[in-house]
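So this note's numbering is basically just the index in the sequence shown, starting at one, shifted up by 1.
Treat the hints as calculated values from the structure; they're not laboratory data. It should be emphasised that the depicted structure is a prediction, and the values quoted were computed from it without experimental measurement. Treat the hints with care, as some may be off.
Below are the DSSO-like pairs computed for lysine-lysine, each with C-alpha atoms no more than 30 Å apart in a straight line [as the list claims (entries may be wrong)]:
no.	residue 1	residue 2
1	K54	K82
2	K82	K47
3	K7	K82
Per label pair, the in silico range of CB-to-CB distance [unchecked claim]:
no.	residue 1	residue 2	range
4	T30	A62	27 to 33 Å
5	R51	K93	21 to 27 Å
6	T77	Q23	18 to 24 Å
Cβ coordinates follow ideal geometry from the N, Cα and C atoms, glycine included.
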Amino acid sequence: MADFSKVLQQAQAVQSRLQQMQEELEKMTVTASSGGGMVTVTADGKGQVRAVKIDPSVVNAADVEMLEDLVLAAVTEAQRKAAAAAAEQMQKATGGLSLPFKLPF
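Model the full structure from these sequences, guided by the hints.
Laid out in structure tokens, this is it:
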């Protein structure tokens, strides 16, 4: 029975670290840009977009498709950076343990 309580304590410690990681990811920010800085996107560590900045010189009614592409590229890169940051935090929280499931963030 002592082994079971040890496993339970370890699980509770991991759960606590995961909760702390969630809070850290919410506070973290990542920034990505496209078009040489014409479009900049800021997201939190969970990948939620928090701000989009667009240089007025890139706004052209005749070429909306280019602006859409720049926004999409910046958002995609910000989310990729957030996912990488979350994976790094996960490694820290689990001590390198490989979990058999994907967490919802």
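Cross-check of the supplied hints:
{"no.": "1", "hint": "K54 x K82", "result": "holds, 18 Å"}
{"no.": "2", "hint": "K82 x K47", "result": "holds, 10 Å"}
{"no.": "3", "hint": "K7 x K82", "result": "violated, 36 Å"}
{"no.": "4", "hint": "T30 x A62: 27 to 33 Å", "result": "holds, 32 Å"}
{"no.": "5", "hint": "R51 x K93: 21 to 27 Å", "result": "holds, 23 Å"}
{"no.": "6", "hint": "T77 x Q23: 18 to 24 Å", "result": "holds, 23 Å"}
When the structure is compared with the earlier hints, a violation turns up for hint 3 alone.
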